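Protein sequence lines correspond, in order, to chains A and B.
Heads up: the first sequence is residues 1 to 325, going by the numbering used here.
Heads up: the second sequence is residues 326 to 652, going by the numbering used here.
If you're looking for bench data, these hints aren't it; they were derived computationally from the structure.
Computed from a prediction, not measured in an experiment: that's the story for all the values here.
Note that CB positions come from ideal geometry on N, CA and C, so glycine has one too.
Mixed in with the good hints there might be a few duds.
Said to hold, decoys possible - Coverage of chain B stretches by chain A, computed from C-beta distances (three or more under 8 angstroms per stretch; other residues unrestricted):
| no. | region |
| --- | --- |
| 1 | 375–381 |
| 2 | 388–401 |
| 3 | 419–432 |
What follows is the residue order along each chain.
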Amino acid sequence: MSNISQETVLGMYRTMCRIRYFEEAAAAKYKDGDLPGFIHLSIGQEACATGVCATLEPSDYITSTHRGHGHCLAKGGDAKRMMAELFAKQAGYSQGRGGSMHIADVAVGMLGANGIVGQSMALGVGAALTAQVKQSGAVAVAFFGEGASGAGVAHEAMNMAALWRLPLVFFCEANRYAELSPYEIHVPIANIADRAPAYDMPGVTIDGGDAIAVFETVQEAVARARAGRGPSLIEAKTYRWHGHYEGDPQVYKPEGETEAEKARDPIPRLEAVLKDRFAMAKAALAAVHAEEKAAIDAAVAFAEQADDPTPDGLMTNVYAQAEAG
Amino acid sequence: MAKLKYYQAFNRALREEMARDENVILMGEDVGESGGIFAQTRGLHAEFGGVRVRDTPIAENGFVSAAVGAAMTGLRPVVEIGFEDFLTCCMDPLVNQAAKLRYMLGGQVTVPLTVYTFGSGGVNAGPQHSQSLGAWFVQVPGLKVVTPSTPRDVLGLFKSAIRDDNPVLCLFAKRLIGSSGEVPDEGEDFTLPIGRSEVRREGRDITIVGVSTMVRVALGAADSLAEENGIEAEVIDVMSLSPLDSAAIIASVKRTGRLCIVHEAHAPCGIGAEIIARVAEQAHGVLKAPPLRITPPFAPSPFAPVLEKAYLPNAARIADEIRALLA
Numbered sequence: 001m002s003n004i005s006q007e008t009v010l011g012m013y014r015t016m017c018r019i020r021y022f023e024e025a026a027a028a029k030y031k032d033g034d035l036p037g038f039i040h041l042s043i044g045q046e047a048c049a050t051g052v053c054a055t056l057e058p059s060d061y062i063t064s065t066h067r068g069h070g071h072c073l074a075k076g077g078d079a080k081r082m083m084a085e086l087f088a089k090q091a092g093y094s095q096g097r098g099g100s101m102h103i104a105d106v107a108v109g110m111l112g113a114n115g116i117v118g119q120s121m122a123l124g125v126g127a128a129l130t131a132q133v134k135q136s137g138a139v140a141v142a143f144f145g146e147g148a149s150g151a152g153v154a155h156e157a158m159n160m161a162a163l164w165r166l167p168l169v170f171f172c173e174a175n176r177y178a179e180l181s182p183y184e185i186h187v188p189i190a191n192i193a194d195r196a197p198a199y200d201m202p203g204v205t206i207d208g209g210d211a212i213a214v215f216e217t218v219q220e221a222v223a224r225a226r227a228g229r230g231p232s233l234i235e236a237k238t239y240r241w242h243g244h245y246e247g248d249p250q251v252y253k254p255e256g257e258t259e260a261e262k263a264r265d266p267i268p269r270l271e272a273v274l275k276d277r278f279a280m281a282k283a284a285l286a287a288v289h290a291e292e293k294a295a296i297d298a299a300v301a302f303a304e305q306a307d308d309p310t311p312d313g314l315m316t317n318v319y320a321q322a323e324a325g
Numbered sequence: 326m327a328k329l330k331y332y333q334a335f336n337r338a339l340r341e342e343m344a345r346d347e348n349v350i351l352m353g354e355d356v357g358e359s360g361g362i363f364a365q366t367r368g369l370h371a372e373f374g375g376v377r378v379r380d381t382p383i384a385e386n387g388f389v390s391a392a393v394g395a396a397m398t399g400l401r402p403v404v405e406i407g408f409e410d411f412l413t414c415c416m417d418p419l420v421n422q423a424a425k426l427r428y429m430l431g432g433q434v435t436v437p438l439t440v441y442t443f444g445s446g447g448v449n450a451g452p453q454h455s456q457s458l459g460a461w462f463v464q465v466p467g468l469k470v471v472t473p474s475t476p477r478d479v480l481g482l483f484k485s486a487i488r489d490d491n492p493v494l495c496l497f498a499k500r501l502i503g504s505s506g507e508v509p510d511e512g513e514d515f516t517l518p519i520g521r522s523e524v525r526r527e528g529r530d531i532t533i534v535g536v537s538t539m540v541r542v543a544l545g546a547a548d549s550l551a552e553e554n555g556i557e558a559e560v561i562d563v564m565s566l567s568p569l570d571s572a573a574i575i576a577s578v579k580r581t582g583r584l585c586i587v588h589e590a591h592a593p594c595g596i597g598a599e600i601i602a603r604v605a606e607q608a609h610g611v612l613k614a615p616p617l618r619i620t621p622p623f624a625p626s627p628f629a630p631v632l633e634k635a636y637l638p639n640a641a642r643i644a645d646e647i648r649a650l651l652a
């Protein structure tokens with residue numbers, strides 16, 4: 001049995017609740033027409049973002065996908081500034097210039113969600129390269145999905161990371177669907193992590209609904225990376241409860257599939273550990289829910305009353321003005 | 326002053342910047358011990374080591390994207406793309422990542438990335454190794470694009486590009502690699518501002534704007550126009566496609582009343598078209614004759630030397646077209 005601490009598990013539980021409430025609120029506000037553009041939700045996948053980021057230091061980096069709210073929250077992003085960004089407000093992390101798809105908090109090492117599938121992997125190579133060149137001791141985790149695994153840049157990134165023994169963990173959230181098509185349309189083998197030996201790196205496939213399994217697997221890969229022993233590939237089998245985008249009618253999902261997956265909701269699964277292994281009282285866990293729900297309600301209220309960006313800022317940050325040196 | 330070849334000026338610029346700032350790294354295909362196809366990176370691996378001078382796999386998309394990630398996190402990567410044509414293999418990291426990350430992250434990052442490559446034709450390299458694609462990138466806010474044509478400009482602009490906090494594309498010319506020119510002495514920290522053109526020859530009758538290799542071709546045309554026809558052409562080296570120094574060009578056109586642009590890139594939506602548009606917008610009515618664009622025909626660059634010679638603009642063609650314009 002795992003020797004993970006109660007504090008770590010409870011912290012992960014809190015993070016998973018925060019992500020769930022954040023995305024449920026985003027879904028509701030999107031449905032009401034309050035959020036412009038489109039958003040991609042990771043509801044059902046919270047154990048992945050949470051388990052990964054619980055192993056990292058604030059100085060470590062993550063690169064993310066178009067489905068990045070959970071990654072940003074788990075890395076320490078502020079729900080208020082994130083929600084304001086989804087609401088396209090000036091108080092958002094990117095002053096309303098990026099939105100959901102480019103959610104980022106660089107100060108906590110979250111280098112951004114990204115709209116181009118697969119680039120998180122090569123951008124992650126770059127972050128790990130910085131850590132190696134500067135000998136900073138930092139590591140990077142590159143999130144990607146099974147859809148990205150078929151992109152050329154996935155191979156290019158894993159090849160470079162292995163060649164240069166970079167402090168990097170490739171973390172695949174295989175969430176059953178890449179856009180509107182199932183895994184089998186994109187991937188000819190059962191497990192993406194089985195490709196790892198071709199890059200001479202360790203590869204393992206795990207249950208992405210088990211936050212503790214994610215934490216412990218990533219912890220080992222991060223330790224390996226930090227020790228200068230190179231990259232790893234971890235594939236977490238998970239499930240995207242919602243569509244590719246909010247409003248997606250999901251005609252491609254077999255009847256009953258989502259409901260069956262909801263019965264394996266990762267949040268109650270971790271709650272069971274807290275109750276059974278750590279003998280936590282129901283009331284204490286209910287308090288976590290209440291606190292996180294209240295925090296997200298406050299984030300929504302903050303975002304709703306925040307100011308819109310003004311057109312006089314259209315040219316802001318197109319170029320960095322000052323030259324270095 | 327010292328005399329250096331174009332590729333030596335490149336090498337000196339990089340060496341000086343790597344010595345000046347330990348965050349500057351060099352990556353690309355064959356930039357390491359081999360010293361590069363044109364000997365342009367020779368000695369840098371020995372001087373700065375394999376951590377900072379890094380050979381990459383042949384994977385432009387991946388390694389340019391990696392350089393963007395490194396630039397976001399505190400390095401100042403300088404990346405070689407051997408031939409300008411291969412920029413097509415890394416359009417995403419240049420256009421969707423490097424150019425936009427600062428903006429779309431609300432200023433949370435800077436992307437001090439320099440990507441350099443060797444373009445232009447004239448060396449019988451055929452359709453996939455001869456292109457001049459700079460204008461494509463002029464349409465992308467967030468990028469800067471420079472086209473140095475002399476060893477001095479290579480030294481000054483490349484150093485400025487490396488120090489710039491924005492992604493800068495340095496488009497060097499294969500045909501000029503062995504050309505020589507005066508440069509400031511070693512030890513002098515020489516930079517040139519990005520976004521400024523220079524007048525290479527003064528004249529009263531027509532403004533010729535040249536890009537990269539076409540500057541010296543235009544100067545050749547100007548000499549024969551002066552000798553044979555008494556036509557005094559002013560020749561401007563544009564030096565930077567983005568930002569474009571339209572103020573200097575417009576000031577010249579106001580003096581001469583005539584405009585000719587010469588570049589190796591194709592005409593449609595090219596930098597010549599942009600210059601003409603700006604003159605029309607900002608100096609309407611000053612032109613005494615229709616503007617001239619002298620470019621290759623709208624066909625890929627041919628391999629056969631006899632065909633490529635006919636394909637590229639040359640001094641005789643430029644002079645002939647200007648004579649016809651002024652006749």
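Hints versus structure:
1. 375–381: holds (count 4)
2. 388–401: holds (count 13)
3. 419–432: Coverage by chain A holds here, the residue count being 9 at a Cβ distance below 8 angstroms.
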